[in-house]
Amino acid sequence: MVSVNLWSGLRAFADGKDVVEVDAKNVGEVLSGLVAAYPGLEHAIEAGVSVAVDGKVIARGLTNEVKPDSEIYLLQQLKGG
Amino acid sequence: MAFDDTKIENFKVVGTRVKRPDGMDKVTGKAKFGADVVAPGMLHAAVVRSPHAHARIIKIDASKAEALKGVKGVVTRADFAEGLTGGNLDVLENVMAGEKALYDGHAVAAVAATSALIARDAIKLVKVEYEVLPHVTDVDKAMKKDAPVIRAGTADKSVPLGMHENVVRYHESGHGDLEAGFAAADMVIEETFKTEATHQGYIEPHACLASMGDGNGDLWCCTQGHWNVQKLCAAMLGLEQSQLRVTASEIGGGFGGKTAVFIEPVALALSRKTNRPVKLVMSRSEVFRATGPTSSTSMDVKIGMNKEGIITAAEGTFRLQGGAFPGAPMEFTAMCAFAPYNIENVKQIGYDVLANRPKQAAYRAPGSPMAAFAVESVVNELCDKLGLDRLEVRLKNASKQGTKASFGPTWDRIGLVETLEAAQIHPHYAAPLKAGQGRGVSCGFWFNHGGETSVTLALSEDGTAQLSVGTPDIGGSRASMAQMAAEELGIPYENIRTTIADTATLGYNEVSHGSRVTYASGLATIEAARAAVKKLKGRAAAKWGIDEDAVVWEDGCAKPAGSNAGEFDPLPIEKLTAKMGSTGGPIVGHFEATPEGAGVSFATHIVDAEVDKETGHTKVVRYTVIQDAGKAINPAYVEGQFQGGAAQGIGWALNEEYIYGKDGRLQNSGFLDYRIPVASDLPMIDTVIVEVPNPGHPYGVRGVGETSICPPLAAIADAVSNAAGVQLKELPMSPQRILSALTEQARV
Amino acid sequence: MIHVNTKVNGDEVEFLCDPRETLLDALRDRLNLTGAKEGCGTGDCGACSVTLDGRLVCSCLVLGAEAEGKEIGTVEGIANGEELHPLQEKFIEHAALQCGICTPGILVATKSLLEKYPSPTETQVRYWLAGNLCRCTGYDKIVRAVMETAADLRKAS
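Residue numbers (the working numbering), protein chains in the order written: chain A, 1 to 81; chain B, 1 to 748; chain C, 1 to 157.
Because the hints were derived from the structure by calculation, they are not lab data.
Just to be clear, a hint being listed does not mean it is correct.
[Claimed, not checked] Computed footprint of chain B on chain A, listed as stretches where at least three residues anywhere in the stretch have a Cβ under 8 Å from a Cβ of chain B:
# : segment
1 : 2-9
2 : 43-55
3 : 60-71
As the structure is a computational prediction, the values presented were derived from the model and not from experiment.
Note that the Cβ used here is the ideal one computed from N, Cα and C, for glycine as well.
Between the sequences and the hints, there should be enough to build the whole structure, so can you do that?
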């Protein structure tokens, strides 16, 4: 199980929580786990998210590993100019 | 893929100032940019554009245009694919209007003719019947109850109830207890700031040459990302992606504005209809009216600080309009705003608002410069009111490894503190100021990016190498790529030729943006070179009859690892490549991945300015950029990025703005009235490259191209405030705005 | 169509052009000299700079027909075969170009400057170049390259 931190604007879609526990071994499983637990999060995830794992921002990759003690933050997807 | 500690002391090529390979062509006029190619039988295209900011399109009658001698075809929205949804539909809608014209300059039809002059004459003959609708161009006005609805039903689920339909996306993040935090402050300052839209201002207008055949096509265009162009154009024309081959020309500036498509699908549609190659080049006026400027913003920032200079709480609300389509980068404005500070109680809110303006596009750290303008200005004001030093306060609150970012995660290794400390000891900070001059300071931050990357390194029979990358060269990256390959292969830099390959030749590559090229294409180049080296070692091992592990690669030669591996003379690369056909086949190293681990880049800027109180004119007299580059592969080009970003920030702070009239039409769509900095406006721009290695890159590289545009807005506002005694909260700080502020202050 | 006889970079050339075509259009589309660029079409950016009988002009503000009987100098004529002009060498050495789109215009303009004023100050260089927009470099390395070239040329003469 890993703890996933949501940005505060997503609380409304996760029963008021800003930390959600999911069973996941990689970033892809984190995202699908979140949607399975709270279907209301789907629109935000579909719109595009990046995931910060232990301070490293994973812009898009779903196969990056997460560990039980990883610090995981959901962020809106990063793009540049 | 991680940072390679062993390399750091021993770089031979990386870190030197080599000559860029495309330099010769660019100083002789040989280099081919977007508008520089022709094809046999080529037609020229021109675009019919709406003169109304908001109007329903009732009817398009192109009969007179079609009848004009030399006109070979006309396209409208009907000539594009149907059934697109989401982002693709937004892009198509922006490329060619459907039911409504949504901004002044919105494309409604296009014509192809045998000469550019005939095409220009023809568009005047296309009769479009419009039903003009009320429009709105200001972000705050667009959110008000009585604002015209621009595109009903576009808001997503994140938007709170009760907001106007023009509010289409919402962001909220932060942590802690704001009320307690503000209560603990000795001083709380709350201000509102506004910035107007600006344009990337690349000197090369968009240009392309499209040639459609039987279900397939070839497209030449100036772009920051040709795979992205391929993907979008294929969708809009109903083509399979692999049937469209896109080649990136040399690009005359992009800065984010050429990460989108505007004219390419139109040229392809015309080519398909006429069955001839079609060249489409935008005029400067079209570039301003109908490509992707930045958002304009309206921002409220509130910061509380105690007497010791610790920020106890911070709150920001950021309203951005991104044109008539969702996508204003308000979440980046929100996330970057307080990023340089370690704050226990922080909250940031962002709104993405529609307006009757063109669809915004990225411009160097999209969203971040505006946030820095607001937040850094309030921090500076607090320093003044509490009698504290600007750099000391920033150091006291600085984000560093292990502290929690304003948007949540714990920071990994970052270089903000190093840039602040470098600023403290820089001679600029202590230099005496003349009368009428003021000094300003600001920090800035950008995330930087990884993204899909594919690179191939092919060895030639003579031991030289051909490197194919997929990221258009927008800043001199061909030189840096060749440097990294030379470092790994141990061969001279001059023996490597770097080419930007077309979409048919390499795996997918994400756009050159997010300051990702030196990081991601560089990392891929290093990995591809290491793969080639492994194969070379294998050939040497086979020749010597020893284990592959017993061979090392040094100075461009295979050598036995030690004396017990055997007594063999070193085999230089050319001896191995000369025989490669018969010893196992051609030797190629390649690497495809979506690297994650781009390092963020922080900067601190110092600027001195003088203000003429009679004319309101500001002169920048001294400028210093101090920024963390992780590892500077080619210092000259890193300096160039620092200086270029600073210059754009100076223009944004002092002169550049989109001016819309009451009729919703853009009033200043040319370089005379959209005033970017010229050579006589600027001083020399000093630079300090700080190197705090990025753990996510073998050499420690961080992207540098974007952060440099973030600090100038607030730094210059600070300098102007100190020089003239008035604090401006609206950009640009043009002479007339400064004069009004001075007059207002004199009256009070 | 108007038949124009002119000299470009020392070579006698001729072309046909529409009366409305600019010299920039004629150079690029009729003579395939694509070094001069259109950045704005209104004489504000200098990317189309050429010399017309020794005078620095924006070729987008000159008509193709006006080239009749005149001598035009473009960026393609600055180097001497394989031998680059010192300005061109210095620009590469000093990284005085990033994307390179403004470079042809700036080279034509600065060659013209140094021919008229061999010892410009930094301020003079900056004001001479005020009609040539660059969006990438912030002008710093361009000005350094020009000043150093001026110094080298003075030493050599």
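Structure-based check of each hint:
| no. | hint | in the structure |
| --- | --- | --- |
| 1 | 2-9 | holds (count 4) |
| 2 | 43-55 | holds (count 6) |
| 3 | 60-71 | holds (count 4) |
Every hint from the earlier list agrees with this structure, and none is contradicted.
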